[in-house]
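*Asks:* Read off the chains here:
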Amino acid sequence: DTAVSQTPKYLVTQMGNDKSIKCEQNLGHDTMYWYKQDSKKFLKIMFSYNNKELIINETVPNRFSPKSPDKAHLNLHINSLELGDSAVYFCASSQGRVAAFFGQGTRLTVV
Amino acid sequence: QKEVEQNSGPLSVPEGAIASLNCTYSDRGSQSFFWYRQYSGKSPELIMFIYSNGDKEDGRFTAQLNKASQYVSLLIRDSQPSDSATYLCAVYQTGANNLFFGTGTRLTVIP
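Here the protein sequences line up with chains A and B, keeping their order.
What the first sequence shows, in our numbering, is residues 1 to 111, in sequence order.
What the second sequence shows, in our numbering, is residues 1001 to 1111, in sequence order.
Here chain B stands alone, though its shape is the one from the complex (with noise of 0.2 Å):
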């Protein structure tokens, strides 16, 4: 079982509707979370953290943790055709004192 999984998409969306991003991990201990994104040839860029169970709001973006589910999501409200890119989640895992990160979803939002 990998540590971190995402379902690589392509995901679509219209312009203006609600992206939902999804991430399951295997660790139960893990205590952050992290999303990145990632523009086609650029380099990923961290635009998200969660630490604690519930929702954490930055603009557009809502981050959502479900500790006993082992679950985090990302959704993009509004969503825009810049917000085209691959999204990836990252795990934190304290005992392996690493980040690792599943393998990206790729988002694009119709015009």
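Next comes chain A alone, as it looks inside the complex (with noise of 0.2 Å):
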């Protein structure tokens, strides 16, 4: 039984398209997270997501927009899609204030 899950696993695709990434968790943790990590391996907050409520938005493009139904879900949606996106993208979830289990990471391709 997978912790925390995120769809797609790969992602390839278009300057200037629209995707989504979608991530699932059924430890019941109350916050969940999405995680960026660069092709140097540099993991860095995006946003954080208690009980539905935003408590952490770095500074990020507002092309970024997350979403969370419920708090068990956490999707990430993003527009006109650009090169620099290109990147791995961690769901993480925790019950405390640090993230403690991660996704599988998606691969965002943009070509």
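Incorrect hints may have been included.
Unchecked claim - Once the Cα atoms are required to be at most 20 Å apart in a straight line, the calculated EDC-like pairs of lysine to aspartate or glutamate come out as:
id, chain 1, residue 1, chain 2, residue 2
1, A, Lys40, B, Asp1027
2, A, Lys71, A, Glu82
3, A, Lys22, B, Glu1015
4, A, Lys67, A, Asp85
5, A, Lys44, B, Asp1083
6, A, Lys9, A, Glu24
7, A, Lys41, B, Glu1005
8, A, Lys40, A, Asp85
9, A, Lys36, A, Glu82
10, A, Lys41, B, Glu1045
11, A, Lys44, B, Glu1005
12, A, Lys40, B, Glu1005
13, A, Lys41, B, Glu1003
14, B, Lys1002, A, Asp38
15, A, Lys44, B, Asp1027
16, A, Lys41, B, Asp1083
17, A, Lys67, A, Asp30
18, A, Lys22, B, Glu1005
19, A, Lys41, B, Glu1015
20, B, Lys1042, A, Glu24
21, A, Lys71, B, Glu1005
22, A, Lys9, B, Glu1045
23, A, Lys36, B, Asp1083
24, B, Lys1002, A, Glu58
25, B, Lys1042, A, Asp38
26, A, Lys52, A, Asp30
27, A, Lys22, A, Asp85
Unchecked claim - Covered stretches of chain B, going by a simulated chain A footprint (3 or more residues, C-beta under 8 Å):
id, segment
28, 1041-1049
29, 1095-1101
Honestly, the hints are just simulated from the structure, not real lab data.
None of these values were measured; they are calculated from a predicted model.
Virtual Cβ for every residue (Gly too), placed ideally from N, Cα, C.
Mind docking these for me? Both chains are given alone in their own frames, and the hints should help you get the complex.
*Replies:* Written out as structure tokens, the structure is:
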């Protein structure tokens, strides 16, 4: 049983397109996160939700919009994709304030 | 200055040796420190955390914290080839309500 699952695992798309990544956790955690890991393996938080409420909103372009329909789901929608958006995006969850369980990642390639 | 700094490596140690991974942080008020392991192409996995000065041991892993020097380390005893991975140091800054990651140290254990 996967604790944090995100789909799709791979996403290849053209510049200017809009795409979504979905994430679900079955751990009963209150907090969910989106992280971006660049080609140099640097992991940086983008957003964090606690019980569907946005609590961390780092400086990311407003083309990125998270949505949390309930505390078990946190989706990421990206408008007008750019080459620089290519990265691996990780969803994570925790009961406390520190990401404890990560999803398998979505490798986004913008061409 | 980056919030968390690590030597990117690669660090190579022979099987059975002690691997020592180091990390420094900039925010003197930080209270919580974490180590994640990330295998190539996989997601980060939380393996250790430490809050107080001194050592914390868990099996072959020991986390060490020196707040005066703003220094955290992870020792892996009896290193195994399966320990080969990138190790990410992370520091929780209470003021920023955020977890900051280093860029990771790539460890290779040579059989």
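*Asks:* Looking at the structure, which of the earlier hints fail to hold?
*Replies:* 1, 2, 3, 5, 18, 19, 21, 23
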